[in-house]
Amino acid sequence: MNRISYSLRCALIVDLINKLHKHGSWCGETHIQKAMYISQDLAKANFGYKFIMYKHSPFSFDLKDELAAMRASGIIEFAFPQHGYGPSIRVTTFGEKVYDTNRENIDIYHRANEFVAKWLATNDVRSLEKLATAYYVTKKNPRDPIIERAKKINNLKPHVDVIAAEEAIKVVEKKREQAKREISSVLLTTF
Amino acid sequence: MKYNHEFRDPIHTFISLRTDERRMVDSQPFQRLRHIHQLALTYLVYPGSTHKRFEHSLGVMHLASRIFDVVTAPENIFDESVRRIIPDDQTKQYWKSVVRAAALCHDLGHLPFSHAAEDQLLPDGYDHEKVTKDIISSPEMAEIWRTMTPPLRCDDIIKLAVGPKKADPLELSTWETILAEIIVGDAFGADRMDYLLRDSFHAGVEYGKFDHNRLINTLRILPQSYADTDEPALGLESGGLESSEGLMVARYFMYKQVYLHPIRRVYDIHLIDFLKSWLPGAKFSTRLEKHLRITDAEVLAAIHKACATPSSSNHILAKRIQCRDHFRFFYLASSGDKQGGKLVPGKTIAAAAIEQFGKIAIRYDHIPPKVSAPNFPVRRYDGTIESSLKSSPILEKLPSIEVDTVYCDKSILADAVKWKQDNMETLLGLK
Numbered sequence: 025m026n027r028i029s030y031s032l033r034c035a036l037i038v039d040l041i042n043k044l045h046k047h048g049s050w051c052g053e054t055h056i057q058k059a060m061y062i063s064q065d066l067a068k069a070n071f072g073y074k075f076i077m078y079k080h081s082p083f084s085f086d087l088k089d090e091l092a093a094m095r096a097s098g099i100i101e102f103a104f105p106q107h108g109y110g111p112s113i114r115v116t117t118f119g120e121k122v123y124d125t126n127r128e129n130i131d132i133y134h135r136a137n138e139f140v141a142k143w144l145a146t147n148d149v150r151s152l153e154k155l156a157t158a159y160y161v162t163k164k165n166p167r168d169p170i171i172e173r174a175k176k177i178n179n180l181k182p183h184v185d186v187i188a189a190e191e192a193i194k195v196v197e198k199k200r201e202q203a204k205r206e207i208s209s210v211l212l213t214t215f
Numbered sequence: 014m015k016y017n018h019e020f021r022d023p024i025h026t027f028i029s030l031r032t033d034e035r036r037m038v039d040s041q042p043f044q045r046l047r048h049i050h051q052l053a054l055t056y057l058v059y060p061g062s063t064h065k066r067f068e069h070s071l072g073v074m075h076l077a078s079r080i081f082d083v084v085t086a087p088e089n090i091f092d093e094s095v096r097r098i099i100p101d102d103q104t105k106q107y108w109k110s111v112v113r114a115a116a117l118c119h120d121l122g123h124l125p126f127s128h129a130a131e132d133q134l135l136p137d138g139y140d141h142e143k144v145t146k147d148i149i150s151s152p153e154m155a156e157i158w159r160t161m162t163p164p165l166r167c168d169d170i171i172k173l174a175v176g177p178k179k180a181d182p183l184e185l186s187t188w189e190t191i192l193a194e195i196i197v198g199d200a201f202g203a204d205r206m207d208y209l210l211r212d213s214f215h216a217g218v219e220y221g222k223f224d225h226n227r228l229i230n231t232l233r234i235l236p237q238s239y240a241d242t243d244e245p246a247l248g249l250e251s252g253g254l255e256s257s258e259g260l261m262v263a264r265y266f267m268y269k270q271v272y273l274h275p276i277r278r279v280y281d282i283h284l285i286d287f288l289k290s291w292l293p294g295a296k297f298s299t300r301l302e303k304h305l306r307i308t309d310a311e312v313l314a315a316i317h318k319a320c321a322t323p324s325s326s327n328h329i330l331a332k333r334i335q336c337r338d339h340f341r342f343f344y345l346a347s348s349g350d351k352q353g354g355k356l357v358p359g360k361t362i363a364a365a366a367i368e369q370f371g372k373i374a375i376r377y378d379h380i381p382p383k384v385s386a387p388n389f390p391v392r393r394y395d396g397t398i399e400s401s402l403k404s405s406p407i408l409e410k411l412p413s414i415e416v417d418t419v420y421c422d423k424s425i426l427a428d429a430v431k432w433k434q435d436n437m438e439t440l441l442g443l444k
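Chains A and B supply the protein sequences, listed in that same order.
Going by our numbering, the first residue of the first sequence is number 25, and it counts up by one from there.
Going by our numbering, the first residue of the second sequence is number 14, and it counts up by one from there.
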């Protein structure tokens, strides 16, 4: 499967950012990273973002570079709405124009973005890392019992205890089931 | 640790080595770096830029070692979450040796002329970091790691030498990630510090200088409380913020003035054209024994020979480099050119120019916009931690760097300029 074009990827990220904001997200880079990781998987599309375990949760350097390029092109911008926190990422007027130009061609991904944004928007960074790591470990070890996967998470992120890791896996499994029902047009990857 | 050997260096004055580290430097893969230009053919534009990867790698080791000492010194650790990840003294010494070895080896996989030819002349799935990994784990190097005191684990060196982005499938712990940042990190990696200082020195461009001594002395491992995460990262005392800004501004100017100079870039394109024609199968071999045998010297000899032989199939390609018969740029994108909705206007211009003048007369160069806004923890004077992007308006607002340039054969330059003036607005939807 060929990677979708740069313009479409920009529109896709704009869509995800807008949806995260709509559902009340702070929308820092971590939110976009973890949401895109799951959205790409649910949509089973080739956005071209390779995710690796970095600082113990899935992270894409390609996506990091793309966000930097989009900021440089004036498609997105940083804002600092609250003292003591890192930047929140917002879409500019030009970014909305890029989205409008390409929106029809990313229609099939809207539902995955909407589903993920609704799920993750109000989670803080600690919680996002836990859920995304649970997703990653589950995807890699689909047949392992929950307790084994929880131990793996605890091994990767020692500050997440096994009980909290088990809870995160249960949330991920429940959400995966929900995604199967709600994103019927999307081919889900098999755990 | 006792350092018994010294190199004189124009940037760092003296660079010291232990005897067992000397064996790394004397190895064939490392000695090969004496013949790989740090900046490819940049010396055709900036004549002083003839320095090699060899001295840069020594410089990176020197700086990485200094940074390691500063950030792991007990008096520089303030937070319990950080103290937990710092190993005991003996293990710390092991990791210092790994940091020095990884810094020395981080560029071993470079092809002739460094980055210039990498993207198009290696098989799919290969880049210089992958070749670096292969060399570090080769029998010759493995024997060196095995006999060091203490012996070093190959995978540990690989993780730090190529960093988390390229280490896959190896996974890095928080501690290893911080150590990799010391070497190849975007914000204050020793690699970046050394190449800016060294390249500016040799190019004769003052912009690359910044207060690296102050920067190193203020580096710290800090919690990222502003990001709601428990994982520490490499950061800075607020007193070093200006030197960090200095580094990023130096980088911006060096990219504008040297690395992305349009004539320098077109020499890369001509070099790739020559190599594609000259190399068997239009690719470099990834077999280690072949990789280690080929350097800039072999390629330059081939260019000289082809240039002196009019009957050679590579004669014209070699002449473009050897006789400065390079293509001229006739379109450099500006931000206004994107207002018609085309995010990469040069690509549109290049495609139309190829239709107009033919493929052989047109070359296109594109690097997507890059802006380095490094987000790292800064420890303020009152002990609180905040994001560098909050602390520094300069880091947050650094301009972007982008290449979107169309070149043509100099014989059609006037026609190409006129054609562009007549057609650009229509092509880019600006009318």
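Among the hints, a few may not be true.
Not everything, but these chain A residues come out facing chain B in the computed CB check (under 10 Å) [what the hints assert, rightly or not]: (1) PHE85; (2) LYS121; (3) ILE132.
No wet-lab data here; the hints were simulated from the structure.
C-beta: ideal position from N, C-alpha, C; glycine also.
Hints versus structure:
no.: 1; hint: PHE85; in the structure: 4 Å, holds
no.: 2; hint: LYS121; in the structure: 7 Å, holds
no.: 3; hint: ILE132; in the structure: 21 Å, violated
The structure does not agree with numbered hint 3 stated previously, though it agrees with all others.
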